[in-house]
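Protein chains: 2
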Amino acid sequence: MAEKKKTENTTKSDDNVIFVGKKPAMSYVLAVMTQFTAGAKEVQIKARGKSISRAVDVAEIVKNKFLGDVKVKNIEIGTEERTVDGGNKVNVSTLSILLAKG
Amino acid sequence: MAEKKKTENTTKSDDNVIFVGKKPAMSYVLAVMTQFTAGAKEVQIKARGKSISRAVDVAEIVKNKFLGDVKVKNIEIGTEERTVDGGNKVNVSTLSILLAKG
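Taken in sequence, the protein lines are chains A and B. Going left to right, the first sequence walks through residues 1 to 102 as this note's numbering numbers them. Going left to right, the second sequence walks through residues 1 to 102 as this note's numbering numbers them.
Don't read these hints as lab results, they were simulated from the structure. Any given hint could be a false lead.
The following residues of chain A were derived to be distant from chain B, with all beta-carbon distances above 12 Å [said to hold, decoys possible]: (1) Asp15; (2) Leu30; (3) Met33; (4) Gln35; (5) Thr37; (6) Ala40; (7) Lys50; (8) Asp69; (9) Thr83; (10) Gly87; (11) Ala100.
With a straight-line Cα cutoff of 20 Å, these simulated EDC-like cross-link-like pairs (lysine to aspartate or glutamate) come out [said to hold, decoys possible]: (12) A/Lys65 to B/Glu81; (13) A/Lys73 to A/Asp15; (14) A/Lys65 to B/Glu76.
Ideal Cβ placement from N, Cα and C applies to all residues, glycine included.
Sequences are here, hints too, so could you generate the full structure?
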């Protein structure tokens with residue numbers, strides 16, 4: 001959350017966020033590709049908990065296989081508190097990977 | 001043998017690497033803590049595939065609960081090619097988190 005709000009482009013991530021969940025990685029790869037094809041300069045890939053490894057897969061597949069001109073611009077990790085059944089609070093790790101074109 | 005290894009601290013990551021696998025996160029948290037307690041300035045946490053999410057857990061637990069003066073200095077993702085049973089090659093994502101003290 002310590003984002004540098006220097007220019008509009010760097011805050012554009014609100015529009016271009018792909019949340020990675022439990023679907024196959026390729027679903028999210030396609031979603032990222034669609035954003036870039038639609039003109040996005042940056043796409044942010046976010047995931048929580050066990051989906052984090054899949055988010056890394058998605059970023060790597062996009063970077064290596066599809067778009068040679070896409071680079072990893074920033075990676076952040078964090079913790080979110082979630083309330084589970086029964087009212088217990090657990091901490092869940094988060095990962096955010098910012099891919100940038102060009 | 002008598003060389004002065006002046007920059008040893010910055011290249012010390014070879015010695016201070018914790019590979020996160022399938023054990024509970026707390027095992028690796030303790031391993032990281034041990035490194036820092038033994039005087040390490042930096043500890044690198046590495047993981048592959050599904051263990052990546054656990055590596056993020058480890059980094060977050062160390063950062064948030066144990067050592068307020070430990071910061072995430074760098075995060076890198078990558079891809080490794082591994083040969084599985086039958087000779088097929090599969091790509092496995094990797095994550096490397098560099099924690100630094102002070």
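Violated constraints from the hint list, given by number and in increasing order: 7
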